[in-house]
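Participant: Sequence:
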Amino acid sequence: MKHMNWEICDGKFSLYAEAIIIPDGICIYLGGGEQPHIGSVILSEPRQSLIRDGSRSCTSSLLNRIGHKDEVFARSLAEQLCVAIGVPVSVTAGIHIELATEQDIERLTFNFKVLAEKIVSSMSELFSGKTLN
Numbered sequence: 016m017k018h019m020n021w022e023i024c025d026g027k028f029s030l031y032a033e034a035i036i037i038p039d040g041i042c043i044y045l046g047g048g049e050q051p052h053i054g055s056v057i058l059s060e061p062r063q064s065l066i067r068d069g070s071r072s073c074t075s076s077l078l079n080r081i082g083h084k085d086e087v088f089a090r091s092l093a094e095q096l097c098v099a100i101g102v103p104v105s106v107t108a109g110i111h112i113e114l115a116t117e118q119d120i121e122r123l124t125f126n127f128k129v130l131a132e133k134i135v136s137s138m139s140e141l142f143s144g145k146t147l148n
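In my numbering, the protein residues as written are 16 to 148.
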C-alpha cells in the first residue's frame with residue numbers, strides 16, 4: 016500500500032485529502048472546512064463509455080448521511096480519478112462551514128477544483144501505463 020496526501024491551506028476554507036493506494040484501487044478521505052466529518056461516500060467503478068467510442072466512463076454509487084451535501088465534491092473527485100486512471104475509486108468526504116454563504120461555497124469550490132487537479136495529476140502520473148480491464 017502507498018499513502019499520499021494533499022492540502023490547500025486557506026483558513027476555514029482549507030481542504031485536505033489523504034489516499035491509500037491498494038493494488039486494485041484507491042481510497043480517499045476528503046475533508047476540510049471548520050468541521051471535518053463523514054458526510055458522503057462515493058464508489059466509482061470504471062467501464063467503457065456507453066457511446067461505444069472507446070472512451071472510458073464510470074458508474075458511481077452513493078452513501079449519504081441525511082442532510083449532507085458532501086456528495087458533490089466526493090462524486091466529482093471519484094469520477095475524475097476513476098475515468099483518468101481506470102481503477103475503482105472510493106471517496107469519503109466531510110467538509111463543513113457553519114452557516115455557509117454563497118461566497119463561502121464558491122471559495123470552497125475553487126479550492127476543491129485546485130486540489131482535485133493536483134490529485135488527478137499526481138495519481139495519473141503514478142498509474143501511467145495502467146489500462147482498464
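If you are wondering where the hints come from, they were derived from the structure by calculation, not from laboratory data. C-beta atoms are modelled at their ideal positions from N, C-alpha and C, and glycine is treated no differently. Among the clues, some could well be false.
The list that follows gives simulated cross-link-like pairs (lysine-lysine, DSS-like), each with its CA atoms no further than 25 Å apart [what the hints assert, rightly or not]:
| # | residue 1 | residue 2 |
| --- | --- | --- |
| 1 | Lys-84 | Lys-128 |
| 2 | Lys-133 | Lys-17 |
| 3 | Lys-17 | Lys-84 |
| 4 | Lys-84 | Lys-133 |
| 5 | Lys-27 | Lys-128 |
| 6 | Lys-84 | Lys-27 |
Derived Cβ-Cβ restraints for the label pairs, each shown as a range [said to hold, decoys possible]:
| # | residue 1 | residue 2 | range |
| --- | --- | --- | --- |
| 7 | His-52 | Met-19 | 18 to 24 Å |
| 8 | Glu-60 | Tyr-31 | 42 to 48 Å |
| 9 | Gly-26 | Ile-53 | 19 to 25 Å |
| 10 | Cys-42 | Phe-125 | 30 to 36 Å |
Participant: Now tell me, hint by hint, if it's right for this structure.
Facilitator: Hint-by-hint comparison with the structure:
{"no.": "1", "hint": "Lys-84 x Lys-128", "in the structure": "holds (16 Å)"}
{"no.": "2", "hint": "Lys-133 x Lys-17", "in the structure": "holds (17 Å)"}
{"no.": "3", "hint": "Lys-17 x Lys-84", "in the structure": "violated (29 Å)"}
{"no.": "4", "hint": "Lys-84 x Lys-133", "in the structure": "holds (23 Å)"}
{"no.": "5", "hint": "Lys-27 x Lys-128", "in the structure": "holds (16 Å)"}
{"no.": "6", "hint": "Lys-84 x Lys-27", "in the structure": "holds (17 Å)"}
{"no.": "7", "hint": "His-52 x Met-19: 18 to 24 Å", "in the structure": "holds (22 Å)"}
{"no.": "8", "hint": "Glu-60 x Tyr-31: 42 to 48 Å", "in the structure": "violated (25 Å)"}
{"no.": "9", "hint": "Gly-26 x Ile-53: 19 to 25 Å", "in the structure": "holds (22 Å)"}
{"no.": "10", "hint": "Cys-42 x Phe-125: 30 to 36 Å", "in the structure": "violated (25 Å)"}
The structure is inconsistent with the numbered hints 3, 8, 10, although it conforms to all the rest.
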